Structures are given as structure tokens and as C-alpha cells.
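Fit chain B to the given chain A structure using the hints.
Chain by chain, the residues:
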Amino acid sequence: MGKFDSAGEPDVSGAMSRDEVASVITALEPDQLIAAKEKHHLPRRRLTRTEIVLFWGLRIYLMFMVGVVVYQIWTGAR
Amino acid sequence: MKEQYTAPEPRSGIASRAASDRTAGDLAALGSAVVITHEDIDRAHDREQVSATRARRGFRPRLRLFWLLIGPGILVMLGENDGPSMLSYAATGARFGVGFFLPFVVLTFLMACVVQEMTVRLGAATHRGHAELIFDRFGPFWGWFSMVDLMVGNFLTLVTEFIAIRAGLGFFGVRPAVAVLSALLVLSVALMTHRYWTWERIILGAAIFNLVFVPVALLAHPNWGAVGRALVTWSPLPGGVTQETVLILLANIGATVTPWMLFFQQSAIADKGLTIRDIRMGRLDTALGAALATVAALATMLATAPLFLRHMTAANFEAAEFAQALQPLIGHWGAALFALGMFEAGMVAAITISTSSAYAFGEVARRPHSLNLPFREGKSFYLVLLVEAVAAAGLVLIPGIPLVYIVLLVNVIAVLAMPPALLFLYMLVNDREIMGELVSPMWANALALAVVIILVGAGLLFGVSVIAPNALAMLGGR
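Chains as they are written, first to last, in this note's numbering: chain A, 189 to 266; chain B, -17 to 460.
Same shape as in the complex, but just chain A:
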């Protein structure tokens, strides 16, 4: 069994012929294989100064949003 067991999808290549394995690999792009996707996660994006400001704006908006939803539920409960 391969490393990928931890994610819950077992390796079935043991039950396949070499040709079958090759045909699966040929049909898919390299990063379409589940094992490859698990191994290679995309790197974290380096944010520009503008994007950092934007994300702080989003955090503030998030607090506003939570407040609005809580207010809605509170008025609804009354």
C-alpha cells in the first residue's frame, strides 16, 4: 500500500497490469493523478501591499457580516 492510504483512497495498482497502469497515466495529465495532487500542493501566494490592505478590509467586512447575521437572528428570535 502506498503513502496515500492516509487520505483514504487505497492504491489499486497492485491489481493492475503494467499496461493498464501505463494507460491510466497516459490518459491523465501529471497533476490529475490523486497521488500527485496530494504530494504537490500549490505554494502560498505572496501578497502585494495592496492585496494585504484588501485582505484587512475583508477581515473588517467579515466582522460586519457576522454582526449583521447575528442581528438578523436576534431580531428574528424576538
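Don't read these hints as lab results, they were simulated from the structure.
Note that this is a predicted model, so its numbers are computed, not measured.
Ideal Cβ placement from N, Cα and C applies to all residues, glycine included.
Incorrect hints may appear among the rest.
[What the hints assert, rightly or not] Reference excerpt, derived from the structure (chain A facing chain B, CB under 10 Å, subset only):
id : residue
1  : E197
2  : E208
3  : V209
4  : T214
5  : A223
6  : E226
7  : L230
8  : P231
9  : L246
10 : Q260
[Unchecked claim] Covered stretches of chain A, going by a simulated chain B footprint (3 or more residues, C-beta under 8 Å):
id : region
11 : 215 to 222
12 : 232 to 241
13 : 248 to 257
Chain B only, in chain A's frame:
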């Protein structure tokens, strides 16, 4: 333990190279060291069919290629024509008749096309779902936030879908519990295929029934001259621009694209295995979906327009009440088709929305997430999907539950959740590190940005109007 297959490092930009680029040496090096899962095998089988069809020339192979690649776009667009949306179109037709709102609905679907096209490119270029990209590129906080935000919104939306299902089947005298259980049974049977392709075809077959509103509209004998004039002149708008009109406009714009649509289409494209060579077909799929959804939406408005001519107040109608009100005008069969359409709208949306939740959960929690998975390998994926649907269905059956209030809360959460979702979408689709040459050209970016700003602005104004109903009047509305 086997050594794991190491995929070649992605080229800069687009995350993968074509399978045909692989050298014999690459494959020989794999030998018995590769890890293959059931999901890989199913997806490879689908891709082999696409490659074989693409290699053939002529009209029929082109047509078959289109058949093989369509799905996510049509499902997302017809899924968005859900229970509450169809009720909203019906109420608009009954309140305003044939006029301004016909071309306006066409415009909203054009905006939806612009936004959803970005998810096609993202999914095909990265082979990853929307939640996974947010998690990877912007960090765990925003990844988990997006997922939780989506799941809460989806759960409440699912409640409204089951309300539509209950109301639609209620017209035929089906008891609420039986209606809701039947819907859950249909949802579960579709999942039992454990195959994305089969699941997609079953749901596509069901989604096409969204067009039952077309014969209903024909039975209402619309004045086609007036329909043509309305589409060209954007008039009449009975009552002029009032606070109520502005509210309906804002609600419609705000509901044009909802967060689940972004997550569902991108994840479905990754699950289907589309690649950058399929983007053109993915766009056609989205455009066809939008066209079909537009036809169904316009048909619903035309079907209820006779209620406007008879000055009937339908603002607070539910699905069954619309069908009953229409019965003297379009006959029993027409009314029955209308009720059946409401059931279908809720049913398809319930399936696609719960699936988008399951995809997002798997992508963020790093659990297997595919409709190609056998149940024992995708337990968390199928459980999230089923538990969310069962909980929403159960809520609808609780006596005395404030359903009208839940619908209101759904609207507020949906519009408030859109700014972060659209911001992430816009940043990801312009992320050259993952999109390479597939980032939007400047003109497309300007168009997309304009649509995003309109959607966010309209959504927020609608949200404010729900919380503070007098706020719009202070801004000058009548």
C-alpha cells in the same frame, strides 16, 4: 511500502503538461512504483474517450466531443434556477407582466456567464476545486472560512429547496413527509452510481425538466409582439421606479451568482477531468446552460403574466398557490406542469448544492472528494452531502418552523457571502503563477471587474435594505 509516483514539477504557469507530452522514459520509469486509485481509473477512462473522439475529424465526432464535455455549466445554470428563483420569476411576472424585467433577466444571465467562465478556466488549468485553491494560495484561515461560510449558506438554501419540493408535490396531494423523503431517495440513488459521468448524466436529464415552464408559458398564450417589444425597448415598467422595483432589481442582481455556483462548477470540472484543451467546450457548456436557464426563467415570467393582467396580488404566493391561481387560465395540465417544474427546480438544486458542500469540505479538510469514489473510500464526502441534505429536509418537516424567516436569512447570508467569494475568484483567475497564459486579457478583466463590482454593490444594497427597510427611501426612492 511502494515508492510514490513523483509527478513532474509543474511548468511555470499552467499547472500541468499534456499527457501526450510525456516521454517513453517517463512511463518506463514508473514501472510498478506508481500509486493509482479508483478515482484515477474512472477519470482516465473518461479522458480516453475524450482523446479518442478529439482525434477524429468531422461533424459527428465534434458533436460527440461536445456531448462528452458538457455538464458542469448546464448543471450550475439550471441548478441556479432553483425553487426560490423560480418563485421570484413567477412573482415578478405576476407583479410587472411582460415588460422591463424580461430583458433584465437576460442581462443577469449574461453576467452569470462572465463570472462562471472564470471558474471554467481555473478548474481546467489547475485541476483543483475553488476551496482547495483558496486554502493553498491564501492560507488555512481563508480556506476554512470559505468552506464554513459556504456550508452555512448552502444548508439554509437547501431548506428553501425542500420547501419548493414540498410545495410542488403538495399540488398533487402528496404529503410533506412523503415529498421530502422521495426527494432524499432520488438524491441518494443518483449517488449510488459512484461514477461522476453517470451521476452527471442523471442530473442533466432531471435538469432539462426545468424547461417544463416553456409549455406552461405557451398555454398562457402570451402576446408575442409585446414580448418582442419588451426585449428590445426594456419597457413598460408598471409603476415606474419605486422602492419596491429597486428592491426587486437588487435582489435579482444579487442572486445572479451565488457562492455555491463558483465552488460547484470548478470542483465539477476538476472531478470530470477537464484540461486546458477543453476550455472552449467548457465555455460553450456554460453559455448553453445560461441560454437554457434564461429560456426557463422567461417562460416562468410569461406563464404568470396573465395574473398581472387580472390585477391579482401574488407577492406572498408559494409554489402550489401559483399553480392553483393559474389553473383557471392555463388549465389543469398547465397548472400541474407548473407545480412539477417547482419540484424539479428544488430537486436539482438540492443535489447540486449539497454536492458543492461535500466538494468544499473534502478540498479543505484534505479528504477524498469525488463522485467517482466508492462509498467506503469517500465516506466523509458522501456523509457531508447526505447529512446536510437530510438535516435540511428534516427542518422543513418540523411543525411551526419559521420558514419565511429562514428564506429571508438565506437572502441576507447569500448576498453578504458574495464579496469574499468574488474577490478570491478574481484574484485567482489573475494569478499568473497558477494560470500562466490563461490569465484574463485586460478587456476581459475590465468586464469581469465591472460585473463583480455590480454584483457586490447590488448584493450589499439589498442586504442593507433587508436589515434597514427605510434606508433606500432615505436615498431618494419613492
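task: Quick one: which hint numbers does this structure break? Sort them smallest to largest.
output: none
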